[in-house]
Amino acid sequence: MPKDGGIGASSKRREDLRFLTGKGKYTDDINLQGQAYAYFIRSDVAHGTINSIDTSAAEKMPGVEQIFTAKDFEGVGGVPCGWQVTDRHGEVMQEPKHPVLAEGKVRHVGDPIAVVVADSLAEARDAAEAVEIDITELEPVLNMKDALKDGATKVHDDLTSNLCYDWGFVEENREAVDEAIKGAHHVTTLELKNNRLVANPMEPRVAVAEFDSSTEEYTLYTTSQNPHVIRLLMGAFVLGIPEHRLRVVAPDVGGGFGAKIYHYAEEAFCTFAAKQVGRPVKWTSSRSEAFMSDAHGRDHVTKIELAMDKDGHFLALRTDTHANMGAYLSTFAPSIPTWLHGTLMAGNYKTPLIYVNVKAVFTNTVPVDAYRGAGRPEATFQLERVVDKAAREMGIDPIEIRRRNFITEFPYATPVAVEYDTGDYHATMDKLLEMSDHAGFDKRAEESKKNGKLRGFGIAHYIEACGIAPSNLVGQLGARAGLYESATVRVNATGSISVMTGSHSHGQGHETSFAQVVADMIGIDEQQIDIVHGDTSKTPMGMGTYGSRSIAVGGSAMVRATEKIIAKAKKIAAHLMEASEGDIELKDGAFTVAGTDKSVAWGDVTLAAYVPHNYPLEEIEPGLEETAFYDPANFTYPSGAYGCEVEVDPETGKVTVLGFSAADDFGNIINPMIVEGQVHGGLAQGIGQALVENCAYDENGQLLSGSYMDYTMPRADDLPMFNVDHSSITPCTHNPLGVKGCGEAGAIGSPPALVSAVVDALQRAGHDVTHIDMPLTPDRVWAAMNS
Amino acid sequence: MYDFEIEKPGSIADAVKALGGDEAQALGGGQTLIPTLKQRLASPSTLVSLSGLAEMVGICKDDDGRLCIGGATTHAAVAADGSYAGLSGLASHIGDPAVRNRGTIGGSLANNDPSACYPAAALGSGATIVTNTREIAADDYFKGMFETALKEGEIITEVKFPIPEKSNYQKFVQPASRFALVGVFVAKYEGGVRVAVTGASEEGVHRWTAAEEALNANFSTEAIAALDAPSGDGMINDLHGSGDYRAHLVKVMTGRAVAAAA
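Taken in sequence, the protein lines are chains A and B.
Quick note on numbering: the first sequence equals residues 38 to 824 in the numbering used here.
Quick note on numbering: the second sequence equals residues 4 to 265 in the numbering used here.
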């Protein structure tokens, strides 16, 4: 029986009432009295020396308040990077300055050079056209391998090369892996690219800032997944504003997908300029600006080798990856191809020896950082594709070779430094085969053949690490922040509850599912609980939402705070019923004394806490409000089996996705409907990457896919009806809810399943095609068939 | 967008007069021009709106049985008409509903985007482009990418389509824009078959005469199958497809249009 409330119920998303009726309050809906508008003048060349910027004519244009260039930011810090990676030789990464506005050089198309602040956006744009900027173009650095050659043009003159770091993991395994590969029965090698993507949240970025000269307080409204992180980074590292004078608000946010984690120059600019011009300053990104200023995702070039014995048992795995950092280091950029990628290379398999080498490279492109999945899709894609290729080379069924190598005993310590607490990979594989009617595939393939189409089936089994992360561990790995989460549970006098969480909802439905958790613990109606997030003046210091961490870490903090509430409420209830605290039980919103019929309602206890006339004041304080900070003991490890069925039109190369099944193990589930929605969204983005999305630059560093005329978003008619299941449950062992996280899984598991399905279709038709780089657009598939 | 004046003339004569003004620009459905203005890529001083001209809106048949479509008629109206199946089918797949309810046939033909659908129908039907001053045969009208025989200030008031025995348009979409990566319009008339190709060539819409000859001899998919695809030289080569791929698609889409022609 489906529950009608609390944990496990498909409660309808309460936030949808305002989102679907146009009542959401997004950052661009915020207009402050007397605000001025900022217009960013951005580089239209990939690489160049700025010889001069002449603002004199523009300054006299109507409505212009002030025009800013790098010289206005002398003494102001650069945009900081939040993670320092140490390379395989023990050296720290090369870390260039990332100025708010370009200093002396421009390093990618879209790099901001100057900003006009004016009474209206139109006047700001008019004046921007009158700013004269003289740039000498330099050779752009675009290809990562060329960028590392001796004598290559440097993106940053003050660095020794374009190499950010050369990371080896686990470095001590390097020789043993080399030896194992040399002596193996068979080695499967695959070279592939993980295509660069643009996140494209529905809501572009916006920043509105004001400065109150009477109190010396700044307020920044911004499209962020983590307002406290922005406050810390911008306040402490860029502008030197103490936290108590800086409030950061991220109200309703229309999708993030990673691209709204980072602290961006535009946020610092608006906050800085608001004080300079003495009035609020607002910037709203156009969609064109978003393409060239939001951090991009992925962009890895990889060679992967898998060594096997004669029975297809995996002996060793070696990878060589070039990871594009873009022109500057975005907030989490260095961690994505390393700690969120190398640590996942074991996948679901008991490969005993693994060595991962990643060279992070600076190029004259937009900075690259986390995008839904962040490192785990890159790991999963190469691993699952090489396993698929290996199966075909060894003449073993792709499902069987996976089963033969599955980890079956937990906890399992991988050779890449993480320990999986639970999982049952055979169970998810079984479920997938049942859901996707794998047994009926051959019959369906015959039908396709009759219609002149080529049908294929592809499978992928993924592992990911969510719930980032134990702070002491990530500290050792180079994180410059803790990764706990916080919650304050404020019980009001009449029993309703406000929960202030450091997590941030930008589409995930936290306001619904978080309320379910607290309601379930106390036994009251969800509607009595309100979730407050996104405002540093209201919520305790929290790290925000990304990496599928919110329920595992934020939810756990909420559980811990609620446990404290219940413990105190029991003391009050014991006093009211003149019973011993140890005999008090809480069930369905009422406190009872074990073995008696004495009972006191939740609301009576909460009222007593705030009207303490009959109250044990000598023992406990009045009031009912508790805060907890939760720092996880480990990552969580969701896993799942994904199957994709495609049809290829051999005349045009067009791929049609006919079916997609996802059998996930997310541990315990709070709201099945929301989980299903998260998987649907992830699948759409994963299929988008595999089938249509591609961020491309030309040889001059111009963005070819700079608008929706050329950047293809997946649309409803590109996608099949999804077949989603999450009934395989191995609860997480180390958090109080037993949850693992579900936000990114769909985007992680789907690309290799789709590519393998297309390769399967082509091979069944006799084409000698072993891999096609994403996206699998019709022209690429046709070219592969006809090469 | 820069500031501009907008004029809404009540007659073609007034529209022509208004277009004689300094840096005046005709505005049809605005599906190309408005985004261009928003990006500040054009700066007309005056926009002359043609969409309110009642005499340029509507669909009828003339004495020769030709389908006559007013220049300011929307794609949606043509899609709904149905008296020329191939043409209505083409119009029903231009853009999305919002585009089809605003965009006009005159605007599309005047712009002559190399990937637009309507030029293929006009050329493939041997249509006549009627302006405020003259009639232009489709074969003389299209002059390459974004180039037409229109003179400064000349307005497309009407397009006359002879209705063929059979016709069909096949569009293979560019996945992002959903314009035609390659679109082929095939029309079989008593006097011969016409095959017009859009999306593919650097020269814009053009006829594939080898296919026309083959289909004149034998209007069948086999006739197309026996042909070599046109050369990929001179075909558009971009992010979404090479010249050779486009050339291949010309043949595939022509075959499909013949198969589907009704």
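Certain hints may be false.
Stated by the list, open to error - Chain A is faced by these chain B residues, among others (derived, beta-carbon under 10 Å):
| hint | residue |
| --- | --- |
| 1 | 7 |
| 2 | 9 |
| 3 | 13 |
| 4 | 14 |
| 5 | 180 |
| 6 | 192 |
| 7 | 244 |
| 8 | 248 |
| 9 | 252 |
If you are wondering where the hints come from, they were derived from the structure by calculation, not from laboratory data.
Computed from a predicted model, the values in this text were never measured in an experiment.
All residues carry an ideal CB built from backbone N, CA and C; glycine is no exception.
Evaluated hints:
1. A distance limit of 10 Å between C-beta atoms decides the matter here; for residue 7 of chain B the minimum to chain A is near 12 Å, and the interface restraint is violated.
2. Given hint, residue 9 of chain B at the interface with chain A, is violated; its Cβ is 16 Å from that chain's nearest Cβ, farther than 10 Å.
3. This hint is violated: residue 13 of chain B has a C-beta 30 Å from the nearest C-beta of chain A, more than the 10 Å allowed.
4. Using the Cβ-Cβ criterion of 10 Å, the hint placing residue 14 of chain B at the interface with chain A is not satisfied: the shortest such distance is roughly 33 Å.
5. Because the closest C-beta pair between residue 180 of chain B and chain A is about 5 Å apart, less than 10 Å, the hint holds.
6. This hint is violated: residue 192 of chain B has a C-beta 27 Å from the nearest C-beta of chain A, more than the 10 Å allowed.
7. Checking residue 244 of chain B against chain A by beta carbon gives a least distance of about 4 Å; that is within 10 Å, so the hint holds.
8. Because the beta carbon of residue 248 of chain B sits about 5 Å from the nearest beta carbon in chain A, less than 10 Å, this interface hint is met.
9. For residue 252 of chain B, the interface hint holds, since its Cβ comes within 10 Å of a Cβ in chain A; the closest pair sits about 6 Å apart.
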